[in-house]
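J.: Per the numbering used here, the sequence shown starts with residue 18, numbered consecutively.
If you're looking for bench data, these hints aren't it; they were derived computationally from the structure. Among the hints, erroneous ones may be present.
Keeping only pairs whose Cα atoms sit at most 25 Å apart, straight-line, the calculated DSS-like set for lysine-lysine is [stated by the list, open to error]:
id, residue 1, residue 2
1, Lys383, Lys302
2, Lys383, Lys337
3, Lys337, Lys302
4, Lys302, Lys187
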Amino acid sequence: GYIADSRIDGQVQPYSQQQWYTRDSAIGSWLNAVWNMVFSGVEGAPAQSFPNPPYTTLDTTPVSREKPFLYLDGSDYKVFLPELRTDARGTTWGSGTPRGTSVPLTQFYVAQPGVTAATLNQALMQGLHLLLTPGIYHLDQPIEVNSPNTVVLGLGYATLVPDNGVTALKTADVDGVRLAGFLIDAGTVNSATLLEVGPTGASADHSANPTTVQDVFVRIGGAGAGKATTSMVINNRHTIVDHTWLWRADHGTGIGWDTNRADYGLVVNGADVLTTGLFVEHFNKYDVQWNGERGRTIFFQNEKAYDAPNQAAIQNGSIKGYAAYKVADSVSTHEAWGLGSYCYYNVDPTIVQHNGFAVPDTPGVKFHDVMVVSLGGQGQYEHVINETGSPTSGTDTVPSTVTSYP
Numbered sequence: 018g019y020i021a022d023s024r025i026d027g028q029v030q031p032y033s034q035q036q037w038y039t040r041d042s043a044i045g046s047w048l049n050a051v052w053n054m055v056f057s058g059v060e061g062a063p064a065q066s067f068p069n070p071p072y073t074t075l076d077t078t079p080v081s082r083e084k085p086f087l088y089l090d091g092s093d094y095k096v097f098l099p100e101l102r103t104d105a106r107g108t109t110w111g112s113g114t115p116r117g118t119s120v121p122l123t124q125f126y127v128a129q130p131g132v133t134a135a136t137l138n139q140a141l142m143q144g145l146h147l148l149l150t151p152g153i154y155h156l157d158q159p160i161e162v163n164s165p166n167t168v169v170l171g172l173g174y175a176t177l178v179p180d181n182g183v184t185a186l187k188t189a190d191v192d193g194v195r196l197a198g199f200l201i202d203a204g205t206v207n208s209a210t211l212l213e214v215g216p217t218g219a220s221a222d223h224s225a226n227p228t229t230v231q232d233v234f235v236r237i238g239g240a241g242a243g244k245a246t247t248s249m250v251i252n253n254r255h256t257i258v259d260h261t262w263l264w265r266a267d268h269g270t271g272i273g274w275d276t277n278r279a280d281y282g283l284v285v286n287g288a289d290v291l292t293t294g295l296f297v298e299h300f301n302k303y304d305v306q307w308n309g310e311r312g313r314t315i316f317f318q319n320e321k322a323y324d325a326p327n328q329a330a331i332q333n334g335s336i337k338g339y340a341a342y343k344v345a346d347s348v349s350t351h352e353a354w355g356l357g358s359y360c361y362y363n364v365d366p367t368i369v370q371h372n373g374f375a376v377p378d379t380p381g382v383k384f385h386d387v388m389v390v391s392l393g394g395q396g397q398y399e400h401v402i403n404e405t406g407s408p409t410s411g412t413d414t415v416p417s418t419v420t421s422y423p
């Protein structure tokens with residue numbers, strides 16, 4: 018679960034929730050933790066104590082920008098665009114009016130299901146933002162966001178379905194795009210990618226005004242057999258991905274090891290990318306593949322694909338299984354806090370996963386508070402990160418943890 022920009026006067030009790038991230042908020046107190054509770058920029062957060070209890074606490078969030086929201090100003094609808102914060106702590110609105118800018122709804126194209134991708138792109142070319150009202154949008158070509166500071170805001174989890182193997186949405190190498198509040202549902206014809214932030218080789222500096230991807234979920238299968246090689250690709254530098262759930266379905270309609278094939282969840286090629294609240298589950302190969310320099314992650318939740326038919330199906334060359342989170346061998350600087358991966362190989366419980374996390378052995382690559390766990394002994398991990406960390410064992414659902422790596 019996830020909480021952000023919220024004030025809770027009383028006590029938060031997550032009960033059986035296993036992994037939880039709270040960002041830029043204020044709480045009265047926090048009771049209980051199962052495996053992986055992460056806080057950044059939270060007033061009243063419990064002190065750092067991983068692994069017992071498993072609290073990972075950062076005083077501030079390095080960079081954050083709350084997602085846009087629709088509101089009524091008198092009789093006029095507007096969309097509020099909160100401003101960028103660095104070293105954020107507490108809510109954006111605690112001292113009164115939130116800081117940011119308002120855009121009248123007249124500067125948006127208000128889309129309804131049934132509209133074509135060509136019509137959406139024509140509106141974008143005219144300099145309008147997009148407000149996607151609830152429903153399902155079938156796309157025969159990508160939505161192309163080419164202008165800086167463009168907002169694409171979905172309501173009620175507006176759902177984009179790419180037909181004929183296209184990419185649902187692409188952005189240019191520009192400043193300040195805001196993508197928020199929509200779901201991409203893979204189509205029946207395999208898409209190479211579902212969401213691309215920036216073109217291949219993007220290199221512009223966006224540190225002063227990054228693109229944000231918030232409450233954007235991806236689903237492959239579940240509603241029907243969908244396929245996509247890679248769900249989300251981040252090429253633009255300084256992009257912030259905040260609260261995303263990339264899910265290759267493990268239940269619902271159209272599921273099976275090859276029925277809803279999806280090899281990679283998130284692939285990061287751009288430098289200086291930050292993910293806060295990263296949930297990626299069940300992909301056939303790497304759930305996260307990070308190729309860009311100076312990447313940072315605060316909170317990662319993962320389940321390896323339940324439905325692997327046997328050991329051979331997940332074999333990665335000479336390595337047993339694909340790590341949940343792989344930092345490319347070429348990367349020299351990367352840092353991550355509060356990460357958990359678990360396995361539940363219920364089709365073949367004898368499957369062994371070498372590790373949950375695979376990273377280059379270099380001083381600039383640092384991981385803090387990392388865990389793996391086997392659910393009821395359905396499959397096992399040999400290590401937590403690289404060759405470090407105790408193996409999971411038996412049928413007890415007890416995490417293996419590493420507090421600091423290297």
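J.: For each hint, tell me whether it holds in the structure or not.
T.: Here is what the structure says about each hint:
1. Lys383 - Lys302: 23 Å, holds
2. Lys383 - Lys337: 23 Å, holds
3. Lys337 - Lys302: Within the cut-off at roughly 11 Å; holds.
4. Lys302 - Lys187: 23 Å, holds
In this structure, none of the earlier numbered hints is contradicted; all agree with it.
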